[in-house]
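Q: Protein sequences, first through last, are from chains V and Z.
Using our numbering, the first residue of the first sequence is number 1, and each one after it goes up by one.
Using our numbering, the first residue of the second sequence is number 1, and each one after it goes up by one.
Incorrect hints may have been included.
[Said to hold, decoys possible] Restricting the straight-line Cα-Cα distance to at most 16 Å, the calculated cross-link-like pairs of lysine to aspartate or glutamate (EDC-like) are:
| id | chain 1 | residue 1 | chain 2 | residue 2 |
| --- | --- | --- | --- | --- |
| 1 | V | LYS120 | V | GLU63 |
| 2 | Z | LYS263 | Z | ASP89 |
| 3 | V | LYS70 | Z | GLU318 |
| 4 | V | LYS191 | V | ASP290 |
| 5 | Z | LYS70 | Z | ASP89 |
| 6 | V | LYS294 | Z | ASP290 |
| 7 | V | LYS324 | V | ASP341 |
| 8 | Z | LYS294 | V | GLU156 |
| 9 | V | LYS324 | V | ASP290 |
| 10 | Z | LYS70 | V | ASP233 |
What the hints contain is simulated information worked out from the structure, not anything from laboratory work.
As the structure is a computational prediction, the values presented were derived from the model and not from experiment.
2 protein chains.
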Amino acid sequence: YNQYKQNKYRAEAKEIMQLRNYMAEPITPISQLEKTQDDMKAQMEMLIMRIQAEFCRALEKEEDEEAKFKVDRWTRKEGGGGITCVLQDGRVFEKAGVNISVVSGKLPPAAVQQMKSRGKNFENKELPFFAAGVSAVIHPRNPMVPTIHFNYRYFEVEDKNEVHWWFGGGTDLTPYYLNEEDAIHFHMTLKHACDAHDASYYEKFKKWCDDYFHIPHRGERRGVGGIFFDDVDQPNQQSAFEFVTSCAEAVIPSYLPIVQKHKDDAYGYYERQWQLLRRGRYVEFNLIYDRGTKFGLHTPEARYESILMSLPLNAKWEYMHEPKPNSPEAKLMQVLKVPRDWLLIQKSKSSTT
Amino acid sequence: YNQYKQNKYRAEAKEIMQLRNYMAEPITPISQLEKTQDDMKAQMEMLIMRIQAEFCRALEKEEDEEAKFKVDRWTRKEGGGGITCVLQDGRVFEKAGVNISVVSGKLPPAAVQQMKSRGKNFENKELPFFAAGVSAVIHPRNPMVPTIHFNYRYFEVEDKNEVHWWFGGGTDLTPYYLNEEDAIHFHMTLKHACDAHDASYYEKFKKWCDDYFHIPHRGERRGVGGIFFDDVDQPNQQSAFEFVTSCAEAVIPSYLPIVQKHKDDAYGYYERQWQLLRRGRYVEFNLIYDRGTKFGLHTPEARYESILMSLPLNAKWEYMHEPKPNSPEAKLMQVLKVPRDWLLIQKSKSSTT
Chain V
1 YNQYKQNKYR AEAKEIMQLR NYMAEPITPI SQLEKTQDDM KAQMEMLIMR IQAEFCRALE
61 KEEDEEAKFK VDRWTRKEGG GGITCVLQDG RVFEKAGVNI SVVSGKLPPA AVQQMKSRGK
121 NFENKELPFF AAGVSAVIHP RNPMVPTIHF NYRYFEVEDK NEVHWWFGGG TDLTPYYLNE
181 EDAIHFHMTL KHACDAHDAS YYEKFKKWCD DYFHIPHRGE RRGVGGIFFD DVDQPNQQSA
241 FEFVTSCAEA VIPSYLPIVQ KHKDDAYGYY ERQWQLLRRG RYVEFNLIYD RGTKFGLHTP
301 EARYESILMS LPLNAKWEYM HEPKPNSPEA KLMQVLKVPR DWLLIQKSKS STT
Chain Z
1 YNQYKQNKYR AEAKEIMQLR NYMAEPITPI SQLEKTQDDM KAQMEMLIMR IQAEFCRALE
61 KEEDEEAKFK VDRWTRKEGG GGITCVLQDG RVFEKAGVNI SVVSGKLPPA AVQQMKSRGK
121 NFENKELPFF AAGVSAVIHP RNPMVPTIHF NYRYFEVEDK NEVHWWFGGG TDLTPYYLNE
181 EDAIHFHMTL KHACDAHDAS YYEKFKKWCD DYFHIPHRGE RRGVGGIFFD DVDQPNQQSA
241 FEFVTSCAEA VIPSYLPIVQ KHKDDAYGYY ERQWQLLRRG RYVEFNLIYD RGTKFGLHTP
301 EARYESILMS LPLNAKWEYM HEPKPNSPEA KLMQVLKVPR DWLLIQKSKS STT
């Protein structure tokens, strides 16, 4: 019994230490999280709290000392809330937003309808739901450092006394200048995270990502892709959670080495202007096509500042801008128009060396 | 007969002189426009050509000599085309776009459906249509000069061998710093244009404008409004056309005096930053809510460069930006949050003097 008590104390102490490292107090009261720690809702909240804190700290390490994340903890009348962390106008990061939200309530029929169109078979009335997710967009200042976006989320909907659950998420990279080595490193890191759980995932979710981040009116992708998935409820809840955990933990190793490698690269006015034009395309995708943004903005009582933190600090639109043929800008456009299979390229490279 | 012939020559000579002043050759061949000049399709095309040319010339007069509109005449495979005029990076105008389009073809069922939801009672299948319109967005460089937008259009849809037609349009102003005199002058000019045709129009279309240019997620309007209308088919085609002509002809007197008054006003870094943030809101409205932009971008074969010329050259998004209390920026926000009845204000002013 003494041994058991000691372990319990140790576990609690560890928990409290972790809590101190979080960006803010969890949305769900700590006592409730502790009581329900076998429930996926609590597990997911703990995961996104940890991912948010680890990622924010990793980014701050690349910055000047005075550049720190501003932390806003907010709550919703209907239930739940979120923690929005934004670092703006830093030397390395022009705008970095890392947001978690843990919300519950009733899903309006319009939203239920949207689920149905995605193959879910729910009744067309208000349904109780729970959603928890982490979402981040990082816009660095140096045009040689790509923008990264990731989002991992867990959903529960109750219909006819049955709880339906699934995970969704993804990580994708938007360079302003193409560096093939970086793209391969990025995709390779995501593939490792996928392969540990299902050998078919990377290929499937890489294609899903290319299809999702598509700007139809321009016939181009937002960036060089990554992975994207929705409706993951296989093989069971715990395994699906572990897959999502691996993906979320892969964000730092996939991205930080690229930041460190290029954050002090030389660039000039011309490269900055091109970056701003590409940021305009980022805005176009997010405001016109991104389901998360649209869904968020059309939700009553949505915290629009958290939704729109994904927009860059600065963006530009020039009429009829065309990169010069064979320029580094044109080289980027080629891979945005026809997505590349980055890891096949690597295979053929290593087989010839 | 000689007299008649002479008159005819004179008329033709006049026509050719006018054509020389247009920004480009009309989309419909001149011979066809001449043959069908009693048809509203031809009348509308001539009107929008004239309005485009007059407005572009009026803006060029405010600019340095070397700043001229770039003219792109484009055609669509399915029928018709347009003339897009853009002046970018001028001393007075940071980005000015004035576009006309004259298009015909088959309206896809999805677009027909949209018409139905607006109270039209069309069959739910592909229908022959014709649309001609002029549309402009002017983003000046000086934050003391407001942005103006206007659009005037004519629509025909053929259903069960019957031609349905209607006009739509509007003019609205988006200041960065509020100048009440300017807002009153702007609204007064539009009211005069309306009053000559129907005493109820200004009030009705002013409210329609406030309702339309609404950014729900921020609870603010895009600017200080103006007029906006759709589905005008009363009292008859010729009178409706004359009303639209008056509105289109009111653009220059409503806006140019404001440009001339403020284009050399002093401003600094702070005012420029505020202007860029407000331009971000302009992008939000246009990409998320504007029906014309959405309709355009979802139309196959749309010329997206002409649709997106409305976006500013530069825009900015800052997380949680709040103007200081009682600042000029906060004063603008007040009228964006609660639209004002500009002409009632003027009445009460003049009754006290």
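Q: Now tell me, hint by hint, if it's right for this structure.
A: Going through the hints against the structure:
Taking the CA atoms of LYS120(V) and GLU63(V), the gap is about 44 Å. The hint is violated against a cut of 16 Å. Of the supplied pair hints, the one linking LYS263(Z) and ASP89(Z) holds, its CA atoms being roughly 15 Å apart against a limit of 16 Å. A hinted pair counts as satisfied when its Cα atoms are at most 16 Å apart, and LYS70(V) with GLU318(Z) qualifies at roughly 13 Å. Annotation: proposed proximity of LYS191(V) to ASP290(V) is violated, straight-line Cα distance about 24 Å (limit 16 Å).
A distance of roughly 12 Å separates the Cα atoms of LYS70(Z) and ASP89(Z); the hinted pair therefore holds under the 16 Å criterion. At most 16 Å may separate the alpha-carbon atoms for a hinted pair to count; LYS294(V) and ASP290(Z) meet this at roughly 14 Å. Straight-line distance between C-alpha atoms of LYS324(V) and ASP341(V) comes to about 25 Å, which puts the hinted pair past the 16 Å bound. Simply put, LYS294(Z) and GLU156(V) have alpha-carbon atoms about 32 Å apart, too far for the 16 Å limit, and the pair is violated.
The hinted pair formed by LYS324(V) and ASP290(V) fails the criterion: a straight-line CA distance of about 29 Å is larger than 16 Å. In summary, the hint linking LYS70(Z) to ASP233(V) is not supported, as the alpha carbons are separated by about 55 Å, beyond the 16 Å threshold.
This entry does not satisfy hints 1, 4, 7, 8, 9, 10, going by the numbered hints stated previously.
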